[in-house]
Amino acid sequence: MSDEREAPNRLPAGGSIDRDRPLSFTFDGKSYSGYAGDTLASALLANGVVLMGRSFKYHRPRGLIAAGSEEPNALMQLEKGDRTEPNTRATCIELYSGLSATSQNRWPSLSFDIGAVNSLVSRFIPAGFYYKTFMWPASMWLTYEKFIRKAAGLGVSPTAPDPDRYENTHAHCEVLVVGAGPAGIAAAAAAAASGARVLLIDEQNEAGGSLLASATGEQEPVRAWIADAVEQLQSNPDVTILKRTTVTGYFDYNYLTALEKVTDHLPPGSDPVAPRQRFWKIRARQVVIAAGAIERPLVFADNDRPGVMLANAVNTYINRYAVLPGRNIVVFTNNDSAYRTALNAANKGAEVVVVDTRREVDNTLVESLKNAGIKHFPGHAIVSVQGKLAVGAVRIMPLSEDGKTVQGQAWELSCDCIANSGGWTPSVHLFSQSGGKLAYRDGIAAFVPDAATVRSVNPCFSAGACNGTFSTTDCLSEGATAGRAAAIAAGFPGSDVQLPASDPASDDRGQGDIHPLWLVPTVHPVGEGAAKHFHDFQNDVTAADIHLAAREGYLSVEHLKRYTTTGMATDQGKTSNLNALAIMADIRGAQIPEVGTTTFRPPYTPVTLGAIAGQETGELFLQVRQTPMHRWHVEHNAVFEDVGDWKRPRYYPLGVEDMHAAVQRECAAVRDRVGILDASTLGKIDIQGEDAAEFLEMIYTNGWKKLAVGGCRYGLMLNEHGMIFDDGVTSRLGEHHFHMTTTTGGAARVLNWLEEWLQTEWPQMNVYCTSVTEQWAVAAINGPRARELLSTLTDIDLSTEAFPFMTTSEGQVAGVPARIYRISFTGELSYEINVPARYGRYLWDTLIEAGKAFDLCPYGTESMHVLRAEKGFIIVGQDTDGTVTPHDVDMSWIVSDKKDDFLGKRSLSRLDTARDGRPQLVGLLTEDPAFVLPEGAHIVSQVLDKPPMPTIGHVTSSYLSPNLGRSIALALLQNGKNRKGDTVQVQLMDGTVINAQVSSTVFVDEKGERARG
Amino acid sequence: MILINCPYCGERDQTEFACHGEAHIARPTDTASLTDEQWGDYVFFRTNPKGIHYERWVHVHGCRRWFNAVRHTVQDEILATYEVGAPRPDVGGQQ
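So the sequence lines, in the order shown, correspond to chains A and B. Residue 1 is where the first sequence starts when you use the numbering used here, and the numbers rise one by one after that. Residue 1014 is where the second sequence starts when you use the numbering used here, and the numbers rise one by one after that.
Hints were generated in silico from the structure; no laboratory data involved. Heads up, a few of these hints could be off.
[Said to hold, decoys possible] Just some of the chain B residues that point at chain A, by a computed CB distance under 8 Å:
hint, residue
1, H1033
2, L1047
3, V1056
4, V1073
5, D1089
6, G1098
[What the hints assert, rightly or not] Calculated lysine to aspartate or glutamate pairs in the EDC-like style (CA-CA distance at most 16 Å, straight line):
hint, chain 1, residue 1, chain 2, residue 2
7, A, K80, A, D162
8, A, K281, B, D1026
9, A, K898, B, D1043
10, A, K905, B, D1049
11, A, K899, B, D1043
12, A, K261, A, D164
13, A, K905, B, D1043
14, A, K437, A, E594
[Claimed, not checked] Computed footprint of chain B on chain A; a stretch qualifies when at least three of its residues, placed anywhere within it, have a C-beta under 8 Å from a C-beta of chain B:
hint, region
15, 251-264
16, 454-465
17, 753-764
18, 897-907
Cβ coordinates follow ideal geometry from the N, Cα and C atoms, glycine included.
Use the sequences and the hints to build the structure in full.
This is the structure in structure tokens:
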């Protein structure tokens, strides 16, 4: 037992807390003690803490109203530093040793909050206030927003990375049962008895559902049956039970998500193995929803004062947590279920008064109150609540026959807790998410699932309180029926389960005969007087706001929701939606079903983003592709660039070199001597089959049938719009065998493109395409001394006569099998040496060693870009953007006019594609040779004082060329072909205008002699 | 998150597939003889029905085979899948 003095509201016995395990925790810096089995909410309540937060808009003092995940008020900032989490519900946090929580949305302190001044001016900040006030002038919104966001507050996000681990996991089952109350357990038992694989999921840390709130001795046969059934389910290998797990979403084809709080009930970081939370992705053949029901509050004057709680929550705190929330409790209800709370509270020593809006109440209940010495006020209503930071007293008055007004003798009852019940709202969230429609049932005054509207792709059954069935006995039988039906629908024989004998005397019949009273009148009409009738506590929305929305024409439920923000807080209106609809229906003089409901959307309760990301963070966020030579690049100080998923060396700085210096050095080395580039990432596709050449004729713009075996050819691929889509060199290795290369980033796209045509349009073609990108490692040596270097490592005759430009040859290089392509992306003498990937690093090392004699220089993609730009070679996706034809980039030479057809050909003669004056690729030489234009800069037709200026093109590539000693650029310029020699103006971001001369796109070796040498 | 019955692999999660738009659009053979309008119709115009839609899908993270599917665009349900080249299946008289 704890040495510390027992908390004031803790009952001396009972509850499912472990009194042998006291736990200390802090709230707003003050230390308290609770027990294992407490929630943060129950432990605070036990310690007499009633004030737990400030409301969102008016900063009104707020306390607990619920005991479960529907809690709108008691939102906590849990823990500190990198583990801090805002807006956690105190009712869902299991107490652990050392827990630290702070209240939110208050400054400087919870009991003295400056923001509460909003409450004084609340008359001037009704629904829609922000929309109306801060809309004009529009330019000021950014200023307003900062203040509004700060004032709106609630919790604060952590700023450091989340130190906890999360997991994603997939599960398949025949029957998924959501909720482990009486209905859910009966369903799981029935389905499991058939042999189906069953997944039973519940939000709580133990099974039992509504029974967890029942008193010792209540419904003993049912409790015993549940305990036995759970034990059997636990020992069944085909059954998985997930506790502390919330089904958060119901998606198509019975795909459901669930969040399991694996170690949230332990001190943070204390479990070395298990993740903090696990996000489940479940595919179920059949689903049984047994999600229960949520009690809704009565909407009465100042019903948000701390100490006003839901009746069943009070019952839960008494029975489950051994906490008596008040000594003087007023139970205020319009239905039967709150009588159980009254009796239990009286039994634990509280002074209890029951105020019932109904004039006629079941005689047994009246008798039981009498026996317990509880005062009863039928036909009465609470008209006001006294007390600011906590409830002190209430005034009650008799209700008129129609419930619209109060009249007659008023009574003042002093109290420290109001346990109120406006009836029970079935949790139809998941059914609604599944696409099923809801039907309003008058007898219970609530929406229930319409079983006739279950979608064929989302087969599911609803059972128990979520289906509007409130008696425990009926929940059990309905659950068993649903579980059996689900198993049969999933292809299993139906099995019956033995249910406990029903005992009408002890059965919990829930709300019984409810007489809805959606808005409790007071002496003032709604909206007048100082009192507020809250229906949505978390977003601070009142009945007066609904009246205002109606007056301003926001009558549709979707408009009402957005205008007043009803139901849009983190609790998604679990306790408020039905009250709001009913109040609106009353204003409109309509029936509730005519008003309808808003759409329920996932997640049911908030989900941590970390849980959705799961393991896929840090290094596992994205796959990384590395070439066989990668380690060498790392060892030699390469700076890497991401190209697709590949890591490519961008440049290799020597000493203190920056990128500019390194690139200038590398580019010069390639033109003067010889450089080496890791080209392994280029997409490579092996194409074989009798119709391979025919196929390429359709894929590329130029001709392929006449390409000799051993020949290489550059090709452009167009889409059917006639726009450039990819490019690369393809080589003919045999009569029916080609080796295609693609851009690094386009490899997968191109392979899919080829497959698409082969499989859908030309299935008669005998062609097979295989990705061989990762099978070959490629070292490209470029520069005037490339031949000399390579000749030291191979016997292949490298003379131009034997091995001319644009051909390929096979042989040994450095003793390993190799295929060499004499093709060039730099305009220099170049050999691209391909070896099986496993020899890649060996080939590279050998070339580097042999290259020492030639001052071989490794270069990266940045130099590659400069070198190719000096030659005017395009990069697809940089110099083209999906709106560029071959003619636009001055490559008409590659478009065959001999072929009848190829992909995109017909589009090239379309009116718009063939017109003059399209944006065309040109070179640009700035007037100031040292000035390098920024890529993306616009060429303008008219220079104005300030932007915007009319644009006629933009810079696509721009570099300082070391070989020319000046800047060069490529640009897409309207009518560019006819503007060669003109001077154009390029506008920079700061408004500066730079003059540049339009030139040819080829800046170096226009005749292309160097590559052929 | 729908399930798709690949004609070659069986039922798989939607994340393994990619949709490439309307099916049964044959590429014109004699493209040179087409008017701009006829060619434009093939390149740019597709139906966008509310209801039954015939689509091309590819099991891109699986067998990499192309196939056709009949999908109801309102319910987002796949009513049938079939091999490329096979005739449009009967989906219970729905059109």
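Against the earlier hints, flag every one the structure doesn't satisfy and list their numbers going up.
When the structure is compared with the hints, none of them turns out to be violated.
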